[in-house]
Amino acid sequence: MNSKPDKLIPALYGGIIMAFISTVPFLSFINCLCCAGILFGGFIAVFFYKNNFTPDTPPFSAGDCMAVGALAGVISAVIGTVLSMIFIQIFGDVMNEFLLDFFQSMGDSIPEEVMESLEESLSAGSSPFMIIMNFFTSLIIDSLFGMLGGLIGYSIFKPKQQMMTPPTMPLPL
Amino acid sequence: MSNCPIPLASLSFFSYLCSNNASSMKQNLLYIILLLGVSLWCAMLLLPPMVASSGHEVTAHQLYRSFSPICHQFESRSLHVLGYKLAVCARCSAIYFGFFVGVLLFWVSSRSKKLNTIPLLLIALAPMLVDVVSDAIGLHTSNLFTRLVTGSFFGIISAFVLSPLIIEALSEIIIKQSNNQKARYEFKT
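For the record, the sequence lines run as chains V and F. According to the working numbering, the first sequence is numbered sequentially starting from 1. According to the working numbering, the second sequence is numbered sequentially starting from 1001.
Mixed in with the good hints there might be a few duds.
[Stated by the list, open to error] With a cut-off of at most 27 Å between alpha-carbon atoms, the simulated DSSO-like pairs for lysine-lysine come out as follows:
hint, chain 1, residue 1, chain 2, residue 2
1, V, 160, F, 1182
2, V, 158, V, 4
3, F, 1176, V, 158
4, F, 1176, V, 160
5, V, 4, F, 1176
[Stated by the list, open to error] Listing some non-contacts, in silico: residues in chain V with all C-beta distances to chain F over 10 Å:
hint, residue
6, 8
7, 78
8, 90
9, 91
Just so you know, these hints were derived from the structure itself, not from any lab. Every value quoted in this text rests on a predicted model; they were computed, and no experiment measured them. The beta-carbon is built from N, C-alpha and C at its ideal position, and this holds for glycine as well.
Turn these sequences into a full structure, and let the hints steer you where they fit.
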């Protein structure tokens, strides 16, 4: 029987999609729905992973899908950090500026905390410390939710009839 | 044969966990690992207000910022501890603490059958979506009670759906570790 296919390429696809959703202004609103964008990235990584399986390869398992999702999260953290730096350098903080202008045009009906939050985000800028901190935060969050997305993908795509692996016999003491 | 008892003891322990006789012990151990992980996440949500109340405002501010990618953190929509808001809003807090409760309930209920993922998650998501969308379009005003109830409901159902999958994945990792350790032990001897 052949060995299982490599996890890196499917994780790369999932990570790129995850990073794109998390970084592109306005598209990142999807993550307001319980990090749906990140979960989707883990899910899609498993979709690409299962497509690499043939009848000759052993079936994929929950552990494989969890690993693919987590790896997609790590890749997303790296790509997302680079992408967000590029976006801010080229376009500026488009989304927060748009939201600030939008809320300011609505007058005094917007809570003060919303305005303070947006102004703080704009003033934080892109200092090296903030970039590093955002990277490590993304690393943890994207890996965690990527793993969960991978497990959701496993529950949907798992083979209907899996070969039962024989139980491991304990060594005599 | 190696004189160090630690590899032999750990190999025996892992093999025992993989044997049929240790099935319930292994399941309990895996649930404890899952519960510890979820507890750690919930504890992280309580960390920023505790740090802020102890006077370390700058550190607390950095901790709050680390959770900003996953939540709006509005003061008026957050639960408060020691006079400071939690790391995430009330709805998100309800989801995460609900997940913790769900893992506990799942362990106690001893369910081994996996549940249908997508339909259950959609059912769990529905009340929350209705609450958010109807608030956005002005049909109904979302308040603390609706956010806590809908968030907790989603968290608990998600735990029932995801817990068996996480346990299955952790179980495979333990079996792989045991097989790798066995292979290394056989190679050394």
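Status of the hints after comparison with the structure:
In summary, the hint linking residue 160/V to residue 1182/F is not supported, as the alpha carbons are separated by about 31 Å, beyond the 27 Å threshold. For the given pair, residue 158/V sits about 14 Å from residue 4/V by alpha-carbon distance, which is consistent with the 27 Å threshold. With a C-alpha separation of about 20 Å, the suggested pair residue 1176/F and residue 158/V falls inside the 27 Å cut-off, and the hint holds. As the CA atoms of residue 1176/F and residue 160/V are separated by approximately 23 Å, the hinted pair is consistent with the 27 Å bound.
Under the criterion of a C-alpha separation no larger than 27 Å, the hint pairing residue 4/V with residue 1176/F is consistent with the structure, at around 14 Å. Residue placement check: residue 8/V keeps its beta carbon more than 10 Å from all beta carbons of chain F (closest about 18 Å). The beta carbon of residue 78/V sits about 15 Å from the closest Cβ of chain F, which is more than 10 Å, so the claim that it is off the interface holds. With a least beta-carbon separation of about 21 Å from chain F, residue 90/V lies farther than 10 Å from that chain, consistent with its non-interface assignment.
Annotated as non-interface, residue 91/V keeps its C-beta farther than 10 Å from every C-beta of chain F; the closest such distance is 19 Å.
Hint 1 alone, counting from the list given before, is not met by this structure.
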